[in-house]
Each structure stands twice: as C-alpha cells, then as structure tokens.
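Build the complex: two chains, separate frames, hints provided.
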Amino acid sequence: MTNILMNVDAAAIDWARAQFALTAIYHWLFVPLTLGLAVIMGIMETCYYRTRSAFWRDTARFWQRLFGVNFAMGVATGIILEFEFGTNWSNYSWFVGDIFGAPLAIEGIVAFFMESTFVAVMFFGWKKVSAGFHLAATWLTGIGATLSAWWILVANSWMQYPVGCTFNPDTMRNEMTSFVDVALSPMAVDKFCHTVTSAWIIGALFTVAVSCYYLMRRRHQAMAIESIKIGGIVGLVASLLAAFTGDGSAYSVAKTQPMKLAAMEALYDGGQSQSLTAIALINPFAQPDYAAGGEPPMRIGIPKMLSLLATRDADGFVPGVNDLLNGGYTLPNGETALSVDEKIRQGQAAILGLKEYRELKAKERADGLTTAEAQRRDELSKDLQANMRYFGYGYLKDKSEAVPFIPVCFYAFRIMVGLGMLFILFFAVVLFFAYRKDLARTRWIHLAGLALLPLGYIASESGWIVAEMGRQPWAIQDMMPTWVGVSDIGSANVMVTFFIFLALFTTLLAVEINILCKQIKKGPETSEG
Amino acid sequence: MSYEFLQQYWWFLVSLLGAILVFLLFVQGGNSLLFSVGQTDEERRLLVNSTGRKWEFTFTTLVTFGGAFFASFPLFYSTSFGGAYWLWMIILFSFVLQAVSYEFQNKLGNFLGTRTFQWFLVINGIVGPLLLGGAVATFFNGSNFIVEKNNLVTGPTPIISSWANASHGLDALLDPWNLVLAFAVFFLARVLGLLYFINNVNDEAIRSRSRRQLVTASAPFVLLFVAFLLRTLLKSGFAADPATGVISMEPMKYLNNLVTMWYVAAALVVGIVLVLVGIVRTIVSKTYIKGIWPTGIGVVITVCSLLLCAGWNDTAYYPSTADLQSSLTIANSCSSEFTLRTMAIVSIFIPFVLAYIFYAWHSIDKKKIDKKEIAQDEAY
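Protein sequence lines, in the order shown, are assigned to chains A and B.
According to the numbering used here, the stretch in the first sequence is residues 1 to 529, in order.
According to the numbering used here, the stretch in the second sequence is residues 1 to 380, in order.
So that you can see chain B by itself, here it is in the shape it has in the complex (with noise of 0.2 Å):
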C-alpha cells in the first residue's frame, strides 16, 4: 500500500462514514416532524420510542466521524473545529440535547416536563441537519480560513490555523449555496424520517400522516438538492497541482472529476436512483412500507459520491477563500504514512463492527413497534 492509496483509502473511509451519517439523520428528520405527525401524547411516544430504539447509531456515528477525520485528516480537525467554532459548537450543543432527552422526558422526576425534551429532540432534529448540510457544503463553496504552518516558530501567535472573520464558522451561513445544500440535507432527513416511520411504527394514524407528510418534503428536497447538484458541476471548483500543490480554480472542475472517475458518476447515478425509487415507491403504493431501504441505501452511495467527487481526483476538499493556497487537499491534510497504515489495518473492523450491529439491529427490530409496546416499562 503506497502513501497515495492509503491517503485515497482514507479519504473513501471517511466519505463513507460521512454517507451513513447522513443517512442515519432519519432520526434527526423523525424528531423534527414530531408533532406533526404525532397528534396525540401517546403518538408522539410511540415516536420518540421509534427514533428512541437508534438515536446512539447517530449519535456514535457523529463521533466516530470526529476521530476517524482527526487520525486520517488532522489539519482539517483542527482548522476546521477550531476556526468555524460557533457552527460545530451549535451543532454539538443540539446533540447533547439529544442525548438527555429520551431516557429523560417520561421518567418521573423529570422537573422540566416532557414537553421540554420534546422540543429538545425537535430542535436538534432542526439544527443538526441544517448546520451538517451547511457545514459539507463549505466543501465545494469554500471557508474563510488561513493555514500558516511557520506560525509555529515565527508568527505573532504560534497558531497554525486562523478564521479569517470573527463569526467563527457561522459567515458559512451567509452564503445563499451553502443554504441551498443545508435545506436540502434538511428536507432530505425529513424525508428519510418518514420513510422510517412508515416502516418501523406499525400504526395507521401515522403511516397515512407520514406518507402524506413525505410529499411535502420530497418536492423541496428534490428540488433543493438538484439544483445544487448542477451547481456545484457547472461552477468553478478547486484544483490542486498534483506536483507542486499550487491550488487553482479550475472551470467546471467537479463535472471533470465525475467524468474523469466514471466509477464516481456512475454510482452518484445509482444513488439518486435509488433515493427517488424509495420515494416514488412509498407514495404511490400505499402498502409499501420499505422505502427506507433503498432511499437509505440510495442515500449512502449518493453523499459517498459527492464527497468522494470533493476530494479524490487532485481537488482540494476543504478549500479556502480567504488565502487559495492554504486550501486543505487530501495529500497536505492527512496523518503521516505510518498512522494511515496503522489506522488501516484497523479499520479490517468496521466489517465486523457493522455486522454486530445489524445483526443487534435485527433482533430489535423483528417486531414493528406498537402502542402495546410502549406501554410497557421497558419504553422510554
């Protein structure tokens, strides 16, 4: 394994975890719909236990992404964590909302009432979709940082990394794209949310109020994420000098990568076949409740595309628009030889850590959940 494929291996490692990540933000997208589509108190339980039985695959998965990018891309953890600080720590803060709010919001005891978590899930199921879209799309449009490695030994600070603006990460927000691409990731986990519950909650009320709730959030994510898609072909993207490691602005630079890497194009096609197949499927037919699956899987291969199509191919993933040449490309920003090396032989894990959980997954999840279910103690 040369230096390239193991920066290449890892940079696809992390685009896939990035891709499941997004996928598992049906939980988020579930949360957000929360009272709309459960009416009553004990709808909305039967909700909360829905999404209750897989928030920590979400959640661990969010986490695993940090340390995955930190051992394989430290100087995007760094300059990225440490300079867009408010969009990660509002992000983080919706999390940690998250994490309480199911085990707390029926427990007696519970001071803040049930309705407070409640709202803590919608929030989160809010604000962590919208900030992640508007976070990954800084991948094609670009953040305002300076990477200044001498600063170690001859700057007036002796930090490397620097944001260009006081806002601290939230400046991502002021471009109309990166929106476009937060709403669409938005919608797409609504989407996503309600393809679950249709498959996992075995009540009509909310099947046929999920089905009728998943055209409204298909037509804009659609519509949301094809226009960024042609976009972000059609524009200018960042080149990197495979040689030399000067950054430049190529004209049309991801529609080259795609063409270049076929392979790419052609699973971002499968991929967005897959999602609309899903979609299409669960609102024409009314009995159709597996959805989930290929829109999810569908979901996977397309963000793993998209990413891949960001970084692979001599593109710099995490581009700057302050200072062009301190953009982060996968050869200056990864971990040394060794560590990727090391760090690859463990991931010969995740086969196995993914069969434990989908075989854990579906002994859970044998049984669709019900109201009878959740009036027993086990519920949250």
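So here's chain A without its partners, still in its complex pose (with noise of 0.2 Å):
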C-alpha cells in the first residue's frame, strides 16, 4: 500500500494542474463579458424592437460587434477545457466518467448548438431576417451561453459536493444513481446563481467602463449615457444577487467542504460563535503554522458574524482547520466528526478491500470460488460501501496533505468580497447620478468607470481560485486527489503544451484587447435608419 502512487510524477501532476488552472483562467476572461454582454445587448435590441428607433439600433449593433470580438476568444479557449479532462486528467475521466461526462455532452447537444447557431444569425441577419426572428436570435444567444454555463457548473460542482451516485467495484469506477441529484443539486444551484450573476457583473462594468471613455472624451454621449443606465441596472441588481447568492454559496460550502472555509477564513481552531475575520496578517508566500492554533496576527473580526453565515446561527459552531483534521467535536446530525488520520484508515482499508475483491473475482471468473471464497468476497463488497465514502483519504500520506494553501485561499476570499461590495457601491452611484445629476460632465465618475473594469476582472478570478484552490488537495471532494486523477503523461510534455497555450492565449488576447480598443475608438457605426 505505501508505495502506491508514490511513481506518480509530481512534476506532471504540477504541470497539469497549471495547464488546466491556465487555460481555466484564460477562458474565464471570456465567458463572463460573453454572458453579461448578451443581457445588456438583448435589452439594447429589445428597445429597438419596441421603437425601431436607428439610435437603438445602432446601440445594440455596435455591442454586438465587441461581444463578437470577445465571443471568439471564448469560443478559442473553451474547446481546450472541454478535452483537456481526457488529455490531462484520464484517470480523473474514468473514474467519475459515468457521471462527469454526462452534464458535459449535454452541454454541447442542447447549449452549444444553440449559442452558435444563433450567434450567427445574429451577425449576419441583421439584412436577412426579420426584426423578429433577429431579436430571438440575440437572446438565443445568451441563453444558449448561459444554459452552456449551467451544465459546466453542474460538472463543477459535482467535483466540489459529489451526490447521486455510487462506486461500482466491478466497473473500478462510481457510477450515476440520480441525474436529478447531480443536475439539481444545491451546490449546482448557489454556484450557478453566483456565477451567472458575477458574470453579468463584469459585462455591466464593460459597458459604463466603455461608455466613460466616450464621456471623457465628449463622443457619443447619447448612446453612451444610455447604455450607463442600461448597465448600471444590470450591474446593481446583478452585484446585490451575487452578494446574496455568494452568501448561498458560502452556506453550502460550510457544509460540504468545511476546510474550504476554513482555510478562506484562516480559521485554525473552531468553536461556538465564531466572529468573521475583517482582515488579518499573513505571509502570502508561506503556508502558517495552523497546527500552533490561535489566531492571524492583526485580525479584525465582525463578531458572532462567521457563525451566523455558516450556521444561520450566531451562536453555531463551526470546525478551524486542527479541529477538521483532529475531528472530536459533534456534528450537526449529532455525530462525531472523524479525525483525518481515522479517514486515511478507513481510506486505506478501502482501497486494500478493493484489491483483495478484484483478486477473488479474477479467481471467480478463471477458477471458480470456494464457498469461503465467495463469502469472503460478499463481505468485502459490503464492506467497501461503507469505507469509500473516505476512499480518496487512502492516497494521504500525511494528514497535513488534507489542508489546502490558507494564504492564496485568505486573500482571494477577501479581494473578491470586497471588490463585489464597491461594485454595488459604484453602480449607486452611477445611477443616481445618469439619472438625478450631469453624469456626462462628472469627470470621477468616468475615472472610477475605467479603473473598476480591470478590477471586475480580478474579482471574478478570485471566486474561482477560492473555489478550486479551496478544494485543494481533492480533485473530487473526499474521493479522488488530484495527484491520482492524471493522465499517464511525461512532465516534459505537459510543460511544453503549457507554455504553448501561454504564449497562443497571450499574444490572441494582446490582438483582441488591441482589436477591441481600437473598435471602441472607432465607435458606432450610424445606419441609414
């Protein structure tokens, strides 16, 4: 039992992790303007289709065009995700394959065809359609992305909260039991939620970013004062949704992957009425000496505040990192919460009972069994339905291994939440002012505009890199560690088709940053009405 995967190639395992976290990234520059710009021009068409007014659509087209821009970038880096669990994570596709493939082949058939098919009649219907059929389209468009977005995050958060399914030793793999628990399963449905709200979020703050530079530079206000209006209340009622769905969000990780919360909160020792930390000190670099417990240096806490969020009681308590890897204390269904040494037993115990009944079925199967043999063998079985709840605990070497990076999972945690709380700030303010104030000679307000475009961005990287990190070490949460999802795979050859993806993205987002500015400079295009 020791020496299993310990040949597995850490170098290729660190390259498949930072291919995929590269092209993950990549991809999510792209998809969240997709799906927020498809909200905001669909509005922008709908009020051309209501007055048939040349101004609105002229609006509408000239978004249109950008979100092509950005379309193609997204579509670009998307197909590398979509093979990369088979190229990178081939044991990974095995193992859950039954189930994870599922949300991903329909993610194609019914979300997939439907954005490209109607992309392109949006495009190159203006002339050939009718305003109608041209209008559905558009809104086609973003339904398909975002019903493409929901399947993906199904998948996702089966990896972060795996339900309705169960391990066939037969198969060597976990098999589908309920597609009605995997599709609508609570976690499936907060991270949808948050996700599709944060994403609008962004594509709000392009529009008024986009719209400031015009103010500033007294061209086009028209249109640019009522696209403001248009994302300003796409951004303020998406920043308040995501504020409440992230609190969902945050429930559900509370009870499904304490740890994750625990490292987000740099919580080391748990306990009843737990204040959330404001902001703390840590070394961003170093993973801290949680095992010493205490508390960060220079925490601010709210009081009671952490508790009543994972709880919904302000009194409630909720495990630090010694007391998840310690266990001891009662759970919420009045259990004991196991210790992580006792999960790398019971693992361990899981994986040799599998072993042993793939021996006896082998010998079934070539031989025959005794009737000690068989009885044997129906023990065993039933003894691995109760152990592989942990079985992905048997591949821990250490207990340590159990606890994810607290500095990276800390900060991003903070620098999303904080960033979402000024945009709900922000787009207050950019409202009242488009509407009660002279918002085109309010030069701040275009400053501001532009500065919080890139932060948009960062915010919404940091939600993913709290979420996957934050399931760090598991590629399915409990079941199967990163390192033993791999692809049988030389390192070498992963880090040369890394630094082939870093330079391809890199230099096409260099030409669509440069492709898009300069369209944004150029402005709209007037129609003959």
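Derived from the structure by calculation, the hints contain no laboratory data.
No experiment lies behind these values; they were computed from the predicted model shown.
Idealized CB from N, CA, C, for every residue including glycine.
Just to be clear, a hint being listed does not mean it is correct.
Chain A is faced by these chain B residues, among others (derived, beta-carbon under 10 Å) [unchecked claim]: (1) 66; (2) 68; (3) 69; (4) 117; (5) 126; (6) 152; (7) 158; (8) 162; (9) 345; (10) 349; (11) 356; (12) 365.
Just some of the chain A residues that point at chain B, by a computed CB distance under 8 Å [what the hints assert, rightly or not]: (13) 75; (14) 90; (15) 97; (16) 121; (17) 177; (18) 243; (19) 504.
Now the structure itself:
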C-alpha cells in the first residue's frame, strides 16, 4: 500500500494542474463578458424592436460587434477545457466519467448548438431575417451561453460535492444513480446563480467603462448615457444578487467543504459564536503554522458573523483547520466528527478491500470460488460500500495534505468580497448620477468606471481561485486527490503544451484587446435608419 | 431498452456525430485551398466569409463529439485523449487558431496582419482533417496502449490507461495505412470544400476555379479511400467474444461484419454512390451547383456505416496493438446502464436541435454570398 502512488511524477501533476489553471483562467476572461454583454445587448435590441429607432439599432449593433470579438476568444479557449479532462486527467475521466461526462455532453447538445447557431444569425442576419427573428436570435445566443454555464457548473459543483452516485467495484468506477441529484444539486444551483450574476457584473462594468471613455472624450454621449443606464441597472441588480447568492454559496461550502471555509477564513481553531475575519496579516507565500492554533496576527473580526453565515445561528459551531484534522467535535447530525487520520485509515481499508475483492473476482472468473471465498467476496463488497466514503483519503500520506494552501484562499476570498461590495456602491452612485445629475460632466465617475473594469476581472478570477484552490487536494471532494486523477504523460510533454498555450493565448489576448480598443475608438456606425 | 440496446444505440449516435463532423470538415477543406481558389484579396475574403458562416457548426460538432464520447464511452475518452496526447493536442491547437481567425483577420487593430490569420485557417484546414483521419484510422488498425483497471489499487502508479511508447499518439502517423486514410480524409475535406464553394459563392471565377480543382482533389481521394476500404475489408480485424469479452484476431473481420450486418453494407454502398454522384455531376455539368448535398449526405452515410462496422457486431472499435486484451469494445468501455438511459432521453432533443440549425442555416443562406455582400460591415 505504501508504495502506491509514490511513482506518479510529481512534476507531471504540477504541470497538469498549472495547465488546467492557465486555460481555465484564460477562458474565464472571456466567458463572463459574453454572459454579461448578452443580457445588455439583448435589452438594447429589445429597445430597438419596440421603438424601431435607428439610435437603438446602432447602439445594439455596436455592442454586438464588441461581443463578437470577445466571443471568438471564448470559443477558442473553451475547446481545450472540454478535452483537457481526457488529455490531462484521464484517470479522473474514467473514475467518474459515468457521472461527469453527462453534463458535458448535454452542454454540447443543448447549449453549444443553440449558441453557435443563433450567434451566426445575430451577426449576419440583420438584413436577412425579420426584426423579430433577429431579436429572438440575440436572446437565444445569450440563453445558449447561460445554459452552457449551467451544465459546466453542474459538472464543477459535482467535483465539489459529489452526489447521486455509487462506486461499482466490478467496473472500478463511480456510477450515476440519480441524474436529478447531479443536475439539481443545491451546490450547483448556488454556484450557477452566483457565477452567472457575477458575469453580469463584468458585462455591466465593461459597458459602463466603455461608455465612460466616450463621455471623457465627449463623443457618442447619448449612446454612452443610455448604455450606462442599462449597464448600471444590470450591474446593480447583478451585484446585489451576487452578494445574496454568494451568501448561499458560502453556506453550501460550510456544510459540504468545511476545510475550504476554514482556509478562506484562516480559522485554525474553531468554536461557537465565531467572528468573521474582516482582515488579518498572513504571509501570502507560506502556509501558516495552523497546528500551533491561535489566530492570525492583526486580525479584526466581526463578532458572531461567521457562525451566523455558516450555520444560520449566531452561536453555531464552526470547525477550524485543527478541528477538521483532529475530529472529535459534534457534527450537525449528532455524530462525532472523524479525524483525518481515521479517514485515511478507512480510505486505506477501502483500497486494500477493493484490491482483495478484485483478486477474488478474477479467481472467480478463472477457476470459481470456494464457499468461504464467495462469503469473503460478499463481505468485502459490503465493507467497501461503508468505507468508500473516504476512499480518496487512502491516497493521502499525511493529514497535512488535506489542508489547502490557506493564504491564497484567504486573500482571494477577501478580494472577491471586498470588490463585490465596491461594485454595489459604484453602480448605485452611477445610476444616481445618470438619472439625477449630469453624468456627462462628472469626470471622477468616468475615471472610476475605467478603473473598475480590471478590478471586475480580478474579483471574478478570485472567486474561481477560492473555489478551486480551496478544494485542494481533491480533484473530487474526499473521493480522489489530484495526483490520482492525472494522465500517464511525462511532465516534459505537459510543460511544452503549457508554454504553447501560454504563448498562444497571450498573443491572441493582446490582439483581442487591441482590436477591442480600436473598435471602441472608432465608435458605433450610424445606419441608414 | 436493454443495456445492450443502449450500448449499440449510443455507438450509433457517436458514429453519426463523427460522420456529421467529417461532412462539416468542408470548412477546413475549403480553407486549405484559400490561396489557390482565391487569387485576389477580395476573392479570399469572399471565401473566408463563405466558410465563416459555417465554421461554428464544425467546431461545435467537434466539441459535442468529444462530450458525447465522454458521456457514453468514458474509457475511450480517458484512454485515447490521455494516451494519444500529442495527436489530440495538435488537432486542438489547430482549432484554437481557427476559432479566432475569422473574427480577427480583417479587424482594425489586428497587429498580426490579415495574412497571419489566413494562414492559421490554412494550417487548420490541412492539419485538422489529416490528423482526424489518422485518428479514425486507428479504429481499424489499432493503437499502442494498455488498460489495467487494477492499477488504481495495486499498480506502481494508480493510472489505469497508459500509452506504450513515448510518442503519445504521433506513432499513429508511422502506420502507412493510417496515413492512407488521413490523406483520404484530407482530400475528401477539399472535395467537400470545393463543392461548398461552388454552391455557396456566387462568383464565376471562384466557381470555375473550384470546378478545376475538384478533379485534382477527387482523384486522390477516390484512390486512397478505395485502397483503404479494400485493405480494411480483407485484413484481419479485432473480434470480441460476447460471452467472455476476450479479444482475438479474426480474418476478414470487417468484411464479415458487413456480410452479417447487410443493412450497414447497403448503407455503405448507398453512401459511396451518393458521394460519387455529387462529384461526377459537378464535374460533368457546368451549371450544376448542388453537388455538396448528395456528396455531403453520402459522406455522412458512408462514414457512419464505417464506424458502425468498426464497433457493432462484437468488434473492438479501439484496438490495442500493445496488449490485445486492453482493446476497447462497446461493452467494456461504455457508461453504466443508468447513464446511457438518461443520455438516451437527452438524445430526444437532437431532432429539435437539427431542426433549428436547418432553419437558421436556411435563413442565412437564402441568398448566395457575393462580392457586394462582403462590402457590408457585417462581413468578416
């Protein structure tokens, strides 16, 4: 048992993780703008459809052109992710492919075709189809993109909270037992709502930023003001919803991934009536000495808030890193929490039991089993079901491996939440000036609008960093650590593809940004009316 | 619906998707001829805008093909993509280049220049069909991999699928018969691209140039395809014992499959005839522009029949030359009965998807593309 997994090339795992992170982060630069702009340009085209005014037609077409440039990069970076589960995480793909493959296939059949079919009508159909069909195509493009987000987030949520499945020792994989549990998992619902509303914020920030640029330059002011009004409303609604759904997401995490929550909060020793850390000083480059207990230096907390958010009870018990490692506290269902060492023992028992079960099955196929052996096989099968819950822990060498890298989770979470709050304030102020004051002359808002756009992307990426770094060391929570899920490819191969992706995506990103800037500088084209 | 039926049904769906993907490679085939069919900047722009109306369908079909394979035959997905790493990665890189090339090439601010992105389209147009053809050929000729599920609990590493050599898929291109199909698919994509241009682009110079090129693309395609087909039908194939799952070599397995599955053989003949009808009529008649339809439908039927021949009738569709017993069959690589049944329900959506694709396609293509249209701001 002890020598299993020691032979997986550690560098190959790191490069596979780095490549997935790189491609996912790049992909997520383009997707939120697609999702957000889809709503905004849909509203603008609806205005055109209702008024038939050339102003709204030009406005909608201008934003659609920018959407198109960004959309192409989203598509280009997305194809890699679809196949990367197989190319770099082949063991993962077999171990849970029976469950995980379904949402990806549904995404293709239901969402991608809708998106790609109607985006063509949207771009090329202005003079070829009726205004009603064109409007429908614009909205269906956005709906297709949003449905796509739904299914990929179902898949991602399943990695965070694997439900609706059971392990089959005969096929050596997990198999789906309830599609409804997978597709409508509470984690998926929370994640979808939070992610999509945060994407709308990016769309709104982009619209406001570009419009602020025009106001600063005193060009296309009417379009800029109307765009800011729509962007501001979408942004304010989205940022309020993102705060609300973020609370739901955090509550889900508290219930299903308490170690992630403890890392996000740098909560070493938990307890009742826990305060929420507003800020603390943690070395961003080193894992803190959580085993020593106590709390991070210079910590400022909001009393009882963490307990309230995590348990919906101001005096509720929130476990810290050490509680989760050592167990012994009482779980909400009344059971006593196991220590990670105990989970490792159960996981190893599952692995060894599975090994023996497979040997007996092989013997059964070859020569048949004695009565005692058949009895042993059945016992093993029963024990496996009991121990499989902690199967993944059997691959851990030490309990410290169960702790994610705390500083990244801690700071990324605070950046996301802090900026999220700032966006609520910003959109409220922008709307106030747009409706009550002379926004065209309020230069500081123009500057703020431009400055907040990159911060929007930072907040959005930070959210994903919290979600994915907080899940470590698991590829699938409690079921499979990352190093068991990789493909059998030498690290040099993955390193080469990593740098090809880096160079390719960075170059294409530079081209995209330059094209967007030129398009924005050029401004909307006036149609014949 | 029994488990066996669901397995066969999903192999049919995956084969159909693969067949539609090969048809849609007309986008790549057309792009590979960008600089020979399009002689001026304006003509090239016309061609780019012509395939540019359709590239998303090819791209989406490729992605859905991957997703459907993952959901229905996860062991293929994990073994092939994780093992033949470089083969798939190069295909994917070429599609990444394609995805941005339409949108970026003629936009103000494209500091890489129009030509760069046109060459990206040419690269994807050559590499995509060539390597996809090579990958499909391994369904008949085998690949170098080993699957050992016990590795998860006993192996020196926990990884169950491994490639038996360091080339990670590029070894497929060392087999001359894989290359024969690779080049057959490459020339087929060109044939389809040319037929598509003839149909879709309302420009005399491009149409007459495409007709000339059609002869030079069709001849090698027919030659290579017939050679591959005959050799495949006559060679030993990878048979699976339905009772034990043991894989063995069976003389003329694929010919036997067609004899046993006469309906697949009939479909294959119909498909091949349709392919030839479309090509020959276009070459013979100077006014006939609808060759893409019989040839396209013929390609779908032919490729689907060949893939059914590779997987149905107890055949190992992804054979291993490194360890025969590691070969993948429909039965040993598919998802559970529950997942296949769930996905079968989802597949009810497919006719609706095809219906709206057809409607949208028809709406956009009512008028053939011409030089006047690309002067408008909606063009790439």
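Do the hints match the structure? See the list:
Restraint check, residue 66 of chain B versus chain A: the minimum CB separation of about 5 Å is within 10 Å; hint holds. Checking residue 68 of chain B against chain A by beta carbon gives a least distance of about 5 Å; that is within 10 Å, so the hint holds. With 10 Å as the threshold, the beta carbon of residue 69 of chain B comes within range of chain A, its nearest partner Cβ sitting at about 8 Å, so the hint holds. Taking 10 Å as the C-beta contact cut-off toward chain A, the hint placing residue 117 of chain B at the interface holds, the least distance being around 9 Å.
At about 18 Å, the closest approach between the beta carbon of residue 126 of chain B and any beta carbon in chain A exceeds 10 Å, and the interface hint on this residue is violated. A least Cβ separation of about 6 Å between residue 152 of chain B and chain A falls short of the 10 Å threshold, and the interface hint therefore holds. For residue 158 of chain B, the shortest C-beta to C-beta distance to chain A is roughly 5 Å, which falls under 10 Å, so the interface hint holds. Checking residue 162 of chain B against chain A by beta carbon gives a least distance of about 4 Å; that is within 10 Å, so the hint holds.
Hint status for residue 345 of chain B: holds, given a least beta-carbon distance of 9 Å to chain A, under 10 Å. The criterion of a C-beta within 10 Å of any C-beta in chain A is met by residue 349 of chain B, whose closest approach is roughly 6 Å, and the hint holds. Interface restraint check: residue 356 of chain B against chain A, minimum CB-CB distance 6 Å, threshold 10 Å, status holds. With its C-beta approaching chain A no nearer than about 9 Å, residue 365 of chain B sits inside the 10 Å limit, and its interface hint holds.
A cut of 8 Å between beta carbons decides the hint on residue 75 of chain A: the least distance to chain B is about 5 Å, and the hint holds. About 3 Å separates the beta-carbon of residue 90 of chain A from the nearest beta-carbon of chain B, less than 8 Å, and the hint is met. Taken as an interface hint, residue 97 of chain A checks out: its beta carbon lies about 3 Å from the nearest beta carbon of chain B, inside 8 Å. Interface hint at residue 121 of chain A: satisfied, since its Cβ lies 5 Å from the closest Cβ of chain B, which is below the 8 Å cut-off.
The beta carbon of residue 177 of chain A comes within 7 Å of a beta carbon in chain B, closer than 8 Å, and the hint placing it at the interface holds. Interface restraint check for residue 243 of chain A: the shortest CB-CB distance to chain B comes to about 33 Å, outside 8 Å, so the restraint is violated. Checking residue 504 of chain A against chain B by beta carbon gives a least distance of about 7 Å; that is within 8 Å, so the hint holds.
In terms of the numbered hints stated before, the structure departs from hints 5 and 18, listed from lowest to highest.
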